[in-house]
Amino acid sequence: MHLLSALIAGTLFGLGLAISGMTQPGKVIGFLDVTGAWDPSLAFVMATALAIFGPTYFFVTRRRQKPVVAAAFDLPTKTQITPRLVAGGVVFGAGWGLAGFCPGTAVTSLPTGELSVLAMVGGVFVGILLTWGVQSAVQHEDVPVRADF
Amino acid sequence: MHDFVLATLGGAIMGVASATLLVMNGRILGISGVLGGALKVRTSEAHWRWAFVAGMLIAGAAVAAVWPEAFANTQPRTLGISLMAGVLVGVGTQLGSGCTSGHGICGIGRLSKRSMVATGVFMAAGAVTVVVARGLMAGGL
Chain A
1397 MHLLSALIAG TLFGLGLAIS GMTQPGKVIG FLDVTGAWDP SLAFVMATAL
1447 AIFGPTYFFV TRRRQKPVVA AAFDLPTKTQ ITPRLVAGGV VFGAGWGLAG
1497 FCPGTAVTSL PTGELSVLAM VGGVFVGILL TWGVQSAVQH EDVPVRADF
Chain B
132 MHDFVLATLG GAIMGVASAT LLVMNGRILG ISGVLGGALK VRTSEAHWRW
182 AFVAGMLIAG AAVAAVWPEA FANTQPRTLG ISLMAGVLVG VGTQLGSGCT
232 SGHGICGIGR LSKRSMVATG VFMAAGAVTV VVARGLMAGG L
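Keeping their order, the protein sequence lines are chains A and B.
This note's numbering numbers the first residue of the first sequence as 1397 and each following residue consecutively.
This note's numbering numbers the first residue of the second sequence as 132 and each following residue consecutively.
You can trust all of the hints, since none of them are fake.
Among the chain A residues that face chain B by a calculated CB cut under 10 Å, a handful are: (1) 1442; (2) 1462; (3) 1484; (4) 1499; (5) 1527.
Covered stretches of chain B, going by a simulated chain A footprint (3 or more residues, C-beta under 8 Å): (6) 182-194; (7) 225-239.
Here are the simulated lysine-lysine pairs, DSS-like style, with alpha carbons at most 27 Å apart: (8) B/171 to A/1462; (9) B/244 to A/1462; (10) A/1474 to B/171; (11) A/1462 to A/1474; (12) A/1474 to B/244.
Read the hints as simulated data drawn from the structure, not as lab findings.
The beta carbon of each residue, even a glycine, is placed where N, CA and C say it ideally should be.
Kindly generate the complete structure, drawing on both the sequences and the hints.
Here is the structure:
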């Protein structure tokens, strides 16, 4: 069951990305181009998604002890603003602005068969593994499985 | 349909997708976390993430079949630049614990200060990169 709901959530998310304009890198670059010919339309994507997810989050986590098809909620616990968080934002923003793809739009665009999208997704996996490699070399320990937002 | 209407509709569907994963699976929808966790193939944690990725691919294939303009790219990049952008995105999201979805939608939706800071930073960095990249490309790079 939990695989089916994840599949449905992924399908909906991909559909939303494609319909919203987020899978058009030129539009993303236009949205980020605040000093040039700014295209504000993608701000509506975030605003609407937030308007639906935000209230749902607070309602659900207060009313329910556990999710429908899993044993417990698994939510981020970190609260500290760290140099690592800010550095990550800078590096991610640079990659996002460079090609106009974030992880979600790149994966959703894979079925187009565009080689540049394939290179982008390949790069994301290389970047993830590279970070883990450096991390475990520095810390001499395993990296935790889940991400904290 | 007007861009703003499509953006609003798409955003609403993404909001429902994030709400679905929270209510059903108890998870925060973050694509960089999904991709990272999917690589931990020996753990059961990878399974739902691959199901999620499969869903995104199904959605992408369906939309590409009926409405290829949804994937129009007016700013194509070379393979080398695309690869480099991908590596930056991979490294940045692992260091920063998230991307546009996990921080920008779910994190801000949870009123997480970390996510608000991260989103502000990656949007600012993206804006600077767009200006710098345009300058470099105009210069023939």
